[in-house]
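Q: Sequence:
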Amino acid sequence: MGKTIRLTTAQALVRFLNNQYIHVDGEEFPFVEGVFTIFGHGNVLGIGQALEQESNQLNIYQGKNEQGMAHAAIAYSKQKLRQKIFAVTTSIGPGSANLTAAAGTALANNIPVLFLPGDTFASKQPDPVLQQVEHETSSNITTNDALKAVSRYWDRVVRPEQLMSSMIRAFDVLTDPAKAGPVTISIAQDVEGEAYDYDGSFFEKRVHYLDRKEPTSRELEGAISLIKSSKKPLILIGGGAKYSQARESLIQLSEQYDIPLVETQAGKATVESTFDNNLGGLGVTGTLAANKAAKQADLIIGVGTRYTDFSTSSKTAFNLEEAKFLNINVSRMHAYKLDGFQVVADAKATLEKILLGLDDYQSEFGEQIKDWKTQWNQELARLGNIAFNKTTFDPEVKDHFNQEILNEYAEAFQSNLTQTAALATINHTIDPESVVVTSSGSLPGDMQRMWKAKTPNTYNVEYGYSCMGYEVSGALGAKIAEPYKEVYSMVGDGSFLLLHSEFVTAIQYNQKINIMLFDNAGFGCINNLQMSNGSGSYQTEFRDVNNEILNIDYAKIGEAYGAKVYRAHSIEELKEAIIDAKRQPHSTLIEMKILPKTMTDGYESWWNVGVAEVANDVKVTKASEERAKVLNQHAKQY
1 MGKTIRLTTA QALVRFLNNQ YIHVDGEEFP FVEGVFTIFG HGNVLGIGQA LEQESNQLNI
61 YQGKNEQGMA HAAIAYSKQK LRQKIFAVTT SIGPGSANLT AAAGTALANN IPVLFLPGDT
121 FASKQPDPVL QQVEHETSSN ITTNDALKAV SRYWDRVVRP EQLMSSMIRA FDVLTDPAKA
181 GPVTISIAQD VEGEAYDYDG SFFEKRVHYL DRKEPTSREL EGAISLIKSS KKPLILIGGG
241 AKYSQARESL IQLSEQYDIP LVETQAGKAT VESTFDNNLG GLGVTGTLAA NKAAKQADLI
301 IGVGTRYTDF STSSKTAFNL EEAKFLNINV SRMHAYKLDG FQVVADAKAT LEKILLGLDD
361 YQSEFGEQIK DWKTQWNQEL ARLGNIAFNK TTFDPEVKDH FNQEILNEYA EAFQSNLTQT
421 AALATINHTI DPESVVVTSS GSLPGDMQRM WKAKTPNTYN VEYGYSCMGY EVSGALGAKI
481 AEPYKEVYSM VGDGSFLLLH SEFVTAIQYN QKINIMLFDN AGFGCINNLQ MSNGSGSYQT
541 EFRDVNNEIL NIDYAKIGEA YGAKVYRAHS IEELKEAIID AKRQPHSTLI EMKILPKTMT
601 DGYESWWNVG VAEVANDVKV TKASEERAKV LNQHAKQY
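The UniProt record's numbering numbers the first residue of the sequence shown as 1 and each following residue consecutively.
A hint or two may mislead.
Said to hold, decoys possible - DSSO-like mimics (lysine-lysine), calculated; alpha carbons at most 27 Å apart, straight line: (1) K337 x K292; (2) K84 x K228; (3) K228 x K373; (4) K582 x K454; (5) K292 x K454; (6) K556 x K485; (7) K629 x K556; (8) K84 x K485; (9) K315 x K84.
The set of hints was computed from the structure by calculation and includes no laboratory data.
My request is simple: use the sequences and hints to build the entire structure.
A: In structure tokens, the structure reads:
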């Protein structure tokens, strides 16, 4: 044992965080960027004191809501391709409970983030302490136990010396691409302040190597054989491809061998949308081009994807009777999905080796890729120009909408903005290198279909957990990661009402973000879902007791916080607002009054949701019967 250093547990924790580095492709840099904090009695005198004394290179941000600041940390790591993280510290009880939704978000998306909630007294004196929950069966159960189900690694520190092994285990998970996810280390609040003689080696610079796992010769030979024997292979780009930085290899593979690319939400902007062979999003929120290609494909090459129900159209996107699957993933669990041939290895390293072994192979897609892309670009142009007035609406989609409802909203809002036209306008007007952030609702679906990501890694969308409330907080995290880029939070009024607390944090620290608030007075996506399955519009619109539309002036909220605000009721007003917002040095909010039911619809896709088999309304039972038919048609499941 070498020289010892006497520190409190919390001081030792912070000093340790300052000395964690990561080594990626020959570059070495600090792994922990900083800490988001909300102090309470369970952490202010321990971790709070330690941060005040020991923070050094760590950047400290005061959050406003525990879930919100945790989402900011997640978005930061996502934007940094999981190569840097923030830690998040909260008090016990409600503070740590508020981390649960964010932890689920990080777990579903495989994003590393370090949660450091305080905990009850290890000494159990006093007991129960303020905010402690009590169980008759055990006094060892605390609120932090709720985080076990949504943490990749979870531990509780009740002695100072336990911190050492706990943190080594934590950083094993945080820096491993195959296991990356949320880590929760709860520390008893009395132990946070307890002193211990720590061995000095614990605080020495520690480098974590993010080495690229190479495919075995068996895996490589099997992958190459599958591709060569296929006629119409399709590459599905998942988030793992983006984090592996496999863009160049994907483009070369696609160009050289005529293999179309399609994307998941997490994989979008790995390869820019303008690349000729990129057919866009696949599945429920996918493009017609991508979904047509998937139906014809006899080999699906999944690169870093989890194959969620949206990406696979609830496993109906492919011809499961004919198509085979080649899964390249650092996670063995995900590689096994859909009974695919597994290559458990780094995406970039694997694709580079596959490129060397395909010889003169060519797919049979030929001109189809170009034709599908051209057709979809024409559809995008149509969507971007859909206009509305009280007497006429786009004839191709009019049947999907209730003209009387649209007229009612248009009159209440004094607006003619449709969602698709607003999105197209934003896409065309903002700078191509700007970062867009969204999550949940109809916006991610419309954006996966319509948004042209002209620059790689400019699409920060959380859809693995579809967690409302990520949008504004995530924009803050993305801005911290990309300080020289404009960042846009694409958020509906429902999500904005749910959580926008970190807008204040962004303003407080002069981290400029631009909130693009799509106000359609309701939970529009879920309203579409219920009505398309036979139900009425029940409890999904924002109406008062007199059934009048809630016409909220959200711009006043932004103005009260100190943001520059704009109100847009037309395409012209929206363009002017975006252009002026780019000139502003501080955060902005653009409120758009958007007519409901003006989103995109499905393009040869299907989503399996539970529908009532028995109901008073025949439209509901008919929807249930239709669901049963589709399930019978696609009986083969993995």
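Q: Could you work out which earlier hints the structure fails to respect and list their numbers in ascending sequence?
A: 2, 7 and 9
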